[in-house]
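Peer 1: Chain residues, written in single-letter form:
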Amino acid sequence: MLYREAGDFKTTYKADSQTFPIAFDRWRYWAVLAVAWLVIPFVINDYWANAILVPFLIYAIAAIGLNILTGYCGQVSLGTGGFMAVGAYACYKLMTSFPDVSMLVHIMLAGGITALVGAAFGLPSLRIKGFYLAVATLAAQFFLVWLFNKVSWFYNYSASGQINAPERFVFGHAVTGANTTPAAQYLICLLFVTGCALLARNLTRGTVGRSWMAIRDMDIAAEIIGVDPLKAKLTAFAVSSFFIGISGALFFAVYLGAVEVGEAFGINKSFLVLFMCIIGGLGSLFGSFAGAAFLVLLPVALKVLGVDVLGWPTQIVSHLQLVVVGALIMFFLIKEPHGLAQMWRHIKEKLRLWPFPY
Amino acid sequence: MSADFLYGIEVVINGLMAGVMYALVALGFVLIFKASGIFNYAQGVMALFAALTLVGVMEGQVPFSHLINAVFGTEIHHFGWTVPAFAAILVTLGVMIFFAWAVHTFVFRHLVGQEPIILFMATIGLAYFLEGVGDLMWGSDIKTLAVGLPQGGSLFVEDLTAGLGGDDFYGFFIDKLDMVATLVAIVLVAALIGFAQYTKQGRAMRAVADDHQAALSVGISLNYIWVLVWSLAGLVALVAGVMWGAKSGVQFSLSLIALKALPVLMLGGFTSIPGAIVGGLIIGVGEKLFEYMIGPMIGGATENWFAYVLALIFLVFRPQGLFGEKIIERV
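First to last, the protein sequences are chains A and B. Residue numbers for the first sequence follow this note's numbering, beginning at 2 and rising by one. Residue numbers for the second sequence follow this note's numbering, beginning at 17 and rising by one.
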C-alpha cells in the first residue's frame with residue numbers, strides 16, 4: 002500500500018534519476034539517518050557501543066569496501082585483514098608524527114595510503130583471475146602482517162610490538178584514548194559510515210561503477226565494448242582499499258585502542274569480512290550493512306543464549322559459533338546466493354502488491 | 017667441501033622433506049578439483065579433523081562429551097578403553113567416508129553448476145563448520161598423536177655424512193618422521209595413480225574429470241564418483257593429518273597448512289598430480305633456502321609469506337601454473 006511507484010510523479014530529470022525512486026524508500030532513508038544521528042547518541046551506553054554498534058559500523062565500512070571489489074568488480078580478495086592493518090598502522094604513524102592535525106584528516110589519509118597499497122597489490126589482477134587471484138591476495142595478507150610485525154619503525158620501536166592510540170580530540174571531544182565517551186566513539190564511526198556509504202552508492206551508480214560491473218560480468222566482453230580493464234580493476238582495488246583502510250584505522254584507533262597485528266588483522270578478519278559480504282549479499286550496499294549487522298550480532302546472541310541463559314562454558318559456545326557460522330555460509334550459498342539483500346528485494350516485491358496481490 | 021655449503025645442502029634436503037608434506041595436502045585438493053571443479057579450502061581442516069578423530073578413537077574419548085556434559089550436567093569423558101592404532105585408522109577412515117557422503121549429499125549436490133568462486137566460498141564455510149564440529153567432538157586442547165611413528169633426527173644419516181665436511185660439520189640432520197612421510201607419500205601417490213589407471217572406479221573418475229556430461233551419457237553415476245572422490249580426499253587428509261599431527265601435535269594450526277598448500281597448487285597447476293608434488297617440493301625448498309640465506313637479513317620468519325609471494329610472482333608470468341591446462345577464455 003505504501004511501497005509503490007504509483008502516484009509518485011517525476012517531473013525533472015534529477016528527480017527521475019535519484020537514488021531512491023520510491024517515496025517510501027526515501028522516508029525510510031531519512032528516518033534511519035535521523036535515528037542514527039539524533040536519537041542513538043543520546044541513549045547509547047558503554048555496552049551497546051562496544052559490543053554492538055561501534056564494531057557494526059566499522060565492519061560495515063570494511064564490508065562496503067570488500068563489496069565494491071568482490072561484489073561489484075568480481076575480484077575476490079582474501080587480503081582484507083592485511084589492508085585493514087595498513088590503515089591502522091598508517092593512522093598510528095600519522096597520529097604520532099603529526100599530533101596537531103585533526104584526527105579526521107589522519108583517518109582519511111590512512112585510507113588514502115591503504116588505497117595506494119591496495120592498488121599496488123591489485124596489479125596482478127590484470128593477469129590472474131578467479132580464485133587464483135583470491136590466493137594471490139593471500140600474499141598481501143601474510144606479507145603485510147609480517148611486515149608490521151618485523152619492521153619496528155611501524156610501531157615506533159615499542160617493546161611490546163603493539164601500537165597504542167594516543168588521546169586525540171575532534172571538536173574538543175576525545176575520540177581516542179581512555180577518556181572517550183561511547184557517544185563520541187559512535188559518532189565518529191557514524192560520520193565515516195555515512196560518508197563512505199554515500200560515496201559508494203554514488204560511485205556504483207555512475208560510470209566507474211558500471212565499468213566495474215561490466216568487468217565482473219565478463220571481463221573480455223567488457224574490454225571489447227570499451228571498458229579499460231586496467232583502469233576499472235585498479236580503481237576498484239583503490240576505492241575498496243580506501244574504505245577498508247578507513248575501517249582499519251577506526252578499528253584500531255577508536256574501537257580497540259591497542260592492537261597486536263597478527264591477532265587483530267589476521268587471516269580470520271579477512272574471512273569474517275568476506276562472510277559479511279556473502280551473507281549480506283554480493284553487489285549490494287544494503288547487503289554490506291545487513292551482513293555486518295548479522296555477523297556482529299550472531300556471536301553476541303549466541304553468547305547471551307549459551308553462556309548467560311543456558312550456562313554452558315564459553316569455550317563450547319565459541320566452538321558452536323564456528324559451526325553455526327559455517328553452516329549459515331553453506332546454507333546461504335545454497336538457498337540464497339545473493340544473501341540477505343535478495344531477501345529484502347523479495348520482501349519489497351511482495352510489498353509492491355500488498356495487500357491485493359492480484 | 018666447506019661446512020657452509022654442506023649446511024646449505026642440508027637446508028635443501030629438509031626443504032624437500034617439508035615440500036613432501038605440503039604436497040600431501042595439495043594432493044587432496046587436486047583430486048577433488050579435477051573431478052568436480054570444487055576448490056576445496058577445507059582440505060586442511062579435513063586433515064585436522066581426521067587426526068583429531070584418530071586420537072579421539074585411540075584414546076576412547078566419548079564424542080561430543082563436553083557438549084553432552086554441558087547440556088545434561090553429566091561427567092563423562094572416556095569409554096574406558098583404548099583402541100590399537102590400526103583399528104582406529106580404519107574407524108577414522110569410516111568417519112571420513114561418512115563425512116564425504118554427507119558433504120556431497122547435503123551441500124555440494126545442491127551447488128552443481130554454480131560458479132567456481134561460489135563453490136570455493138562454500139568450502140570456506142565447510143572449513144569453519146568442520147573445525148567447530150571437530151572441536152566440539154574432541155575438545156580443542158593440543159593432543160599428541162602416538163601411532164608408533166619414529167621421531168627425532170636420524171643418527172644413521174648423521175654419522176654417515178659427518179665425514180664429508182671439515183671439523184665444524186657434524187653431518188646432516190634429517191628428521192626420521194620426514195623420511196617416513198616421504199616414503200608414505202611415494203606409496204600413496206603410486207597407489208592413487210594405480211587406482212586411477214587400472215581400476216574401473218578409477219577410470220570412471222578420470223572420465224568424470226574429463227567431461228561431466230559425456231561421463232553421464234555412458235552411464236557413470238556422478239553422485240557415486242563425487243562421493244568416491246571426496247572419500248579419497250578424506251583418505252589423503254587422514255594420511256596428511258597423521259604425518260603433520262605426529263610432527264607438530266594435533267592442534268588448530270594444522271588446518272593452516274591448507275593455506276600453505278594453495279601456493280603449492282598455484283605453482284603446480286590445479287589439475288595436475290605431478291604438479292602438486294613438484295610444486296610442493298619447490299615451495300618447500302624455496303622457503304627453507306630463502307629463510308636460511310636471506311631471512312636473517314630482513315628479520316626472519318619469512319616462511320609465513322614467502323610461498324605466497326613466490327606463487328604470486330610466478331603466476332604473473334604463467335597464470336596456469338607449471339603443469340596446468342592452458343586457460344582458454346571465450347566470450
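Treat the hints with caution; some may be incorrect.
[Unchecked claim] Rough simulated footprint, nothing fancy, chain A against chain B, three-plus residues with beta-carbon under 8 Å:
1) 76-89
2) 121-127
3) 137-143
4) 148-161
5) 301-310
6) 328-340
[As the list claims (entries may be wrong)] Heads up, incomplete: computed chain A residues facing chain B, CB under 8 Å, no partners named:
7) Thr315
8) Ile317
9) Ala328
[As the list claims (entries may be wrong)] Straight-line distance between alpha carbons at most 30 Å, and here's what the computed BS3-like set of lysine-lysine pairs gives:
10) Lys342/B x Lys130/A
11) Lys159/B x Lys304/A
12) Lys342/B x Lys151/A
For the record, the hints were derived by calculation from the structure and aren't laboratory data. For each residue, glycine too, the CB sits at the ideal point set by N, CA and C.
Peer 1: Tell me whether the statement that chain A covers the segment 137-143 of chain B is true, taking a Cβ distance below 8 Å and needing three residues at minimum.
Peer 2: It holds, with 6 qualifying residues against the three required.
Peer 1: Are Ile317/A and chain B close enough, Cβ to Cβ, to be under 8 Å, as the hint says?
Peer 2: Holds, because the Cβ-Cβ distance from Ile317/A to chain B comes to roughly 5 Å (cut-off 8 Å).
Peer 1: Could you grab the alpha-carbon distance between Lys342/B and Lys151/A and see if it respects the 30 Å cut-off?
Peer 2: 39 Å, violated
Peer 1: Between the segment 301-310 of chain B and chain A, are there enough contacts, at least three residues with CB-CB distance under 8 Å, for the coverage claim to hold?
Peer 2: Check failed, 0 qualifying residues.
Peer 1: Against chain B, with CB atoms and a cut of 8 Å, does the hint on Ala328/A hold up?
Peer 2: This hint holds: Ala328/A lies near chain B, its Cβ roughly 5 Å from the closest one there, short of 8 Å.
Peer 1: Mind checking, does the segment 148-161 of chain B have 3 or more residues with a CB under 8 Å from chain A?
Peer 2: Contact hint for the segment 148-161 of chain B vs chain A: holds, 5 residues under 8 Å.
Peer 1: Is the coverage entry for the segment 76-89 of chain B by chain A consistent with the three-residue Cβ rule at 8 Å?
Peer 2: The restraint on the segment 76-89 of chain B holds, since 4 of its residues have a Cβ under 8 Å from chain A and three suffice.
Peer 1: Just to be careful, I want the Cα atoms of Lys342/B and Lys130/A compared with a cutoff of 30 Å; is the pair within it?
Peer 2: 13 Å, holds
Peer 1: Verify the coverage statement for the segment 121-127 of chain B against chain A, using a C-beta to C-beta distance below 8 Å and requiring 3 or more qualifying residues.
Peer 2: holds (count 3)
Peer 1: Please count how many residues of the segment 328-340 of chain B have a CB within 8 Å of a CB from chain A and say whether that reaches 3.
Peer 2: As far as the segment 328-340 of chain B goes, the hint holds, because 4 residues have Cβ atoms under 8 Å from chain A.
Peer 1: Regarding the pair Lys159/B and Lys304/A, is the alpha-carbon distance no greater than 30 Å?
Peer 2: Between Lys159/B and Lys304/A the Cα gap is close to 27 Å, so the pair holds against 30 Å.
Peer 1: Should the interface hint for Thr315/A be scored as holding, given a Cβ-Cβ cut-off of 8 Å against chain B?
Peer 2: Status violated, d = 11 Å.
In summary, the numbered hints that this structure violates are 5, 7 and 12.
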